[in-house]
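Protein chains in written order, with the working numbering: chain A, 1 to 303; chain B, 1 to 303.
Please keep in mind that the hints were generated in silico from the structure rather than gathered at the bench.
Watch out, some of these pointers could steer you wrong.
All copies of an identical chain are treated as equivalent in the list; a pair is satisfied when it fits inside any one copy or across any two copies.
[To be verified] Here are the simulated lysine-lysine pairs, PhoX-like style, with alpha carbons at most 25 Å apart:
no.: 1; residue 1: Lys-114; residue 2: Lys-73
no.: 2; residue 1: Lys-77; residue 2: Lys-140
no.: 3; residue 1: Lys-258; residue 2: Lys-296
no.: 4; residue 1: Lys-215; residue 2: Lys-296
What follows is the residue order along each chain.
Number of protein chains: 2
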Amino acid sequence: MSKILVVGSVAYDTISTPGGRAENILGGSANYFSLAASLFSEVNVVGVVGEDYRPEDLRLLEQRQVDLSGLQKVAGKTFHWEGRYEFDMNEAITVETQLNVFKDFNPTLPEHFKKSPFVFLANIDPELQMRVLEQIESPKLVGADSMNFWIKSKPESLRKVLSKIDVLLINEGEARDLTGNWNIVQAVKEIAAMGPRAVVVKRGEYGFVMLFEGKYFILPAYPVSTVVDPTGAGDTFAGGFFGYLSKQPDPWSFFHFKQACVQGCLTASFTVQDFGVNALIDLNWAKVEERFIEYKKVIDCLN
Amino acid sequence: MSKILVVGSVAYDTISTPGGRAENILGGSANYFSLAASLFSEVNVVGVVGEDYRPEDLRLLEQRQVDLSGLQKVAGKTFHWEGRYEFDMNEAITVETQLNVFKDFNPTLPEHFKKSPFVFLANIDPELQMRVLEQIESPKLVGADSMNFWIKSKPESLRKVLSKIDVLLINEGEARDLTGNWNIVQAVKEIAAMGPRAVVVKRGEYGFVMLFEGKYFILPAYPVSTVVDPTGAGDTFAGGFFGYLSKQPDPWSFFHFKQACVQGCLTASFTVQDFGVNALIDLNWAKVEERFIEYKKVIDCLN
Numbered sequence: 001m002s003k004i005l006v007v008g009s010v011a012y013d014t015i016s017t018p019g020g021r022a023e024n025i026l027g028g029s030a031n032y033f034s035l036a037a038s039l040f041s042e043v044n045v046v047g048v049v050g051e052d053y054r055p056e057d058l059r060l061l062e063q064r065q066v067d068l069s070g071l072q073k074v075a076g077k078t079f080h081w082e083g084r085y086e087f088d089m090n091e092a093i094t095v096e097t098q099l100n101v102f103k104d105f106n107p108t109l110p111e112h113f114k115k116s117p118f119v120f121l122a123n124i125d126p127e128l129q130m131r132v133l134e135q136i137e138s139p140k141l142v143g144a145d146s147m148n149f150w151i152k153s154k155p156e157s158l159r160k161v162l163s164k165i166d167v168l169l170i171n172e173g174e175a176r177d178l179t180g181n182w183n184i185v186q187a188v189k190e191i192a193a194m195g196p197r198a199v200v201v202k203r204g205e206y207g208f209v210m211l212f213e214g215k216y217f218i219l220p221a222y223p224v225s226t227v228v229d230p231t232g233a234g235d236t237f238a239g240g241f242f243g244y245l246s247k248q249p250d251p252w253s254f255f256h257f258k259q260a261c262v263q264g265c266l267t268a269s270f271t272v273q274d275f276g277v278n279a280l281i282d283l284n285w286a287k288v289e290e291r292f293i294e295y296k297k298v299i300d301c302l303n
Numbered sequence: 001m002s003k004i005l006v007v008g009s010v011a012y013d014t015i016s017t018p019g020g021r022a023e024n025i026l027g028g029s030a031n032y033f034s035l036a037a038s039l040f041s042e043v044n045v046v047g048v049v050g051e052d053y054r055p056e057d058l059r060l061l062e063q064r065q066v067d068l069s070g071l072q073k074v075a076g077k078t079f080h081w082e083g084r085y086e087f088d089m090n091e092a093i094t095v096e097t098q099l100n101v102f103k104d105f106n107p108t109l110p111e112h113f114k115k116s117p118f119v120f121l122a123n124i125d126p127e128l129q130m131r132v133l134e135q136i137e138s139p140k141l142v143g144a145d146s147m148n149f150w151i152k153s154k155p156e157s158l159r160k161v162l163s164k165i166d167v168l169l170i171n172e173g174e175a176r177d178l179t180g181n182w183n184i185v186q187a188v189k190e191i192a193a194m195g196p197r198a199v200v201v202k203r204g205e206y207g208f209v210m211l212f213e214g215k216y217f218i219l220p221a222y223p224v225s226t227v228v229d230p231t232g233a234g235d236t237f238a239g240g241f242f243g244y245l246s247k248q249p250d251p252w253s254f255f256h257f258k259q260a261c262v263q264g265c266l267t268a269s270f271t272v273q274d275f276g277v278n279a280l281i282d283l284n285w286a287k288v289e290e291r292f293i294e295y296k297k298v299i300d301c302l303n
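Bound-form chain A, shown alone:
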């Protein structure tokens, strides 16, 4: 079975929405990604947690055969993010970020992680992303995410990462910030010119735009009538995307990249239906496939 390595945050989040509040729930890009990607393949996690990290949160990943030997446990508290959503569920407002043990995170890969064929560098400091990438031996496919904070504070390091990866998965607002171009059709072209063969722009309820070797693929998200908490949708998308690709003997085709986008999008549509990772815990392959059938009807303009 193919292995996917992910490096990212492992966190406890406190989230307020118009419909409710959840305190200190499991979060972080590596958790969302792993729970989604492990529906398809084996996942290797690289990250750091503090002494307060709950054993049941480790078990959650272990039950999915996620390899946690790259998850360091150090003195101090786990990374904590507090955010809220108001009327507009597309936009998270950060209330507080406590880096805690994440502040001195130095990702070190266990020997058996270094041959992971698929690598996803979730949204962390681009210098750390590079440090992980340098430890990997001839990966088959490398993807990354980033965010406004790094686009502004470490543009050169980020550019270096972009020149080394195959796929960038990024939010729409961030694609605009990265290029200074409001038009997303142009922005993805400009990002592709920075290195990646494929650029995937995540648009929340509006779905995604992918540019793959000069060709566009654009679809809306699956319509969800009760969005409880959008946190982690982007990382879930990446998990479904890499999960799908990791199962293909030859992932480098427009067709497979399109299917990967759809699988990412559908997996993410479950995440938003509950707080934190809750909706991912009981998710299985059959439920995603069932939703795919519904999705195809919603976007079908031919029949």
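Let chain A serve as the given structure and place chain B on it in line with the hints.
Here is chain B on its own, set in the frame of chain A:
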């Protein structure tokens, strides 16, 4: 040939965008709608212009066999809207609205307009929309648009219109305002419960959401890499939508309504590529069909 009646604004606009400025150019919902719908069918226009209205702007519609006998010419100046777009081309900022002759507009239909089988009530005072509707004899299909201003200032009149029409075409923000519901999947259901058998929410570059007798149809817009001026895209969408439906012997099917959305969306994708109605002047059926072929590739998840 089927006839489509449209009542709406006929205007001169002054528009500023990050890329340029155009002064006193032809605009107004009835013009955008007519230029789009006349690609498919004969159009009857009901509206009002002032003494300053340029003869060549009348000829533009006459060349498309648009019947202007419902277009009143009265003393005073034509309706004038001034707006600008900043970095975000999805949002028009109104600089100034001069109602001028539109202030006392009282739509009166010529006798031969009263049997128009297809009727589109563009975004005007819902009381005027009702006055037009009352003059129509047994229409086949009636659609309407509205906007925040009427949602807030004349909610009861608007509710009455909604109870009398078959299709509402409305912007996403307005659908949220009308229902007080941020979730668009729910919002369209709530609007359908107010009367219309079909609700079409226009989302700019994100395309549209249609609810037709309980069934959803959702697609993104055709990707346009140079958006010059988004003004009129919504009215063009309505023109393409009604134009397509007016050509169907039995328009009341999910399939035809889906095609109507796609035709509306594609026609609108031309409008945004130039200032005002410029891109609609030379548009023809073949160009729309050509773009449809490209569009199907961009949204195709099956091949």
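Right, here's what the structure says about each hint:
1. Lys-114 / Lys-73: The answer is within: 20 Å in one copy meets 25 Å, while 77 Å across copies does not.
2. Lys-77 / Lys-140: neither (35 Å within a copy, 67 Å between copies)
3. Lys-258 / Lys-296: Both ways: Lys-258 and Lys-296 sit 13 Å apart in one copy and 14 Å across, limit 25 Å.
4. Lys-215 / Lys-296: both (21 Å within a copy, 13 Å between copies)
In this structure, the one hint that does not hold is number 2.
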